[in-house]
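Here the protein sequences line up with chains R and H, keeping their order. Count along the first sequence starting at 1, add 3, and that's the number in the working numbering. Count along the second sequence starting at 1, add 100, and that's the number in the working numbering.
Among these hints, one or two may not hold up.
To be verified - To be clear about the criterion: a stretch of chain H counts as covered by chain R if any three or more of its residues have a C-beta under 8 Å from a C-beta of chain R, and this derived list gives those stretches:
#1 115 to 124
#2 132 to 139
#3 149 to 159
#4 162 to 175
#5 191 to 197
#6 200 to 214
#7 228 to 241
Just so you know, these hints were derived from the structure itself, not from any lab. Glycine residues also receive a C-beta, built at the ideal position from the N, C-alpha and C atoms.
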Amino acid sequence: MVPLWWYIVLGVVLFVIGAAGVLLRRNILVVLMSLELLLNSVNINFIAFGRYHADFRGQIFAIFVIAITAAEVAVALGILVALVRNKSTIKVDDMTVMKG
Amino acid sequence: MDQGFFLLFATVSVITALTMVLVRNPVHSALALMACFLQVSAIFVLLEAPLLAVIQIFVYVGAIMVLFLFVIMMIDVREAVLQRFLPGGNLPALVLLALLGVEMLVLVLWSDRFSVTEPVAMGGGDDVRELSTALFADYLLPFETASVILLAALVGAIMLARKEQG
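In isolation and in its complexed conformation, chain R is listed as follows (with noise of 0.2 Å):
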């Protein structure tokens, strides 16, 4: 069998990419998409650890955290696309809007 610590730190090293692509990209698009990878990789932390404890839990946590990620992209994405039509720039650095 696989040891547990092998998925932790594949959710570590999936977490760093996605917190290396959230700040040190500034295409919007990209950010967007390492946020997800960044659920992502918690979300196989949940699923190991409820899989060696036994427990229905952190499957029931990962189905939640997939549905909460569903609507944040879909509000982030209409953000985007109404920033877009605005201001036409998709560079984080260039959207000051609020004063960021």
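Keeping the supplied structure of chain R fixed, place chain H upon it in accordance with the hints.
Frame of chain R; chain H shown alone:
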């Protein structure tokens, strides 16, 4: 056998995730992320969570990534394709990432709590039935809340994305 499959899926998923971050064209990024999600769903199968694997494919690969591809096609990405991406451009962020990765790896490898190799046996037989019973009995209120959140997101996305008229 299991270990070989895990190593294969993990390697491919890490490679495709790196491709997703490093590649210049957002369309290629989306396709690489799609491949990565397929590997992750295979890992869910290895973890004996077949329902989650199917949900992963339907929701992430089927819905979210198609949404991404449509939005990428709607938006003009030619300027973004031309602009170069240098990973060394942002030194503080790189240092932060290295610290984050090293810290998490050290904490995981240091502790002996994660060295379990043999999972506790499940209750036997019908895992999906037990999972859905737990979901719809014990977690009914969060489930309904999630459905309301999805509805609100649907309405919000339509309101945000439609053209202003009059």
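These are the hints, each one checked on the structure:
no.: 1; hint: 115 to 124; in the structure: holds (count 4)
no.: 2; hint: 132 to 139; in the structure: holds (count 3)
no.: 3; hint: 149 to 159; in the structure: holds (count 6)
no.: 4; hint: 162 to 175; in the structure: holds (count 8)
no.: 5; hint: 191 to 197; in the structure: holds (count 4)
no.: 6; hint: 200 to 214; in the structure: holds (count 7)
no.: 7; hint: 228 to 241; in the structure: holds (count 5)
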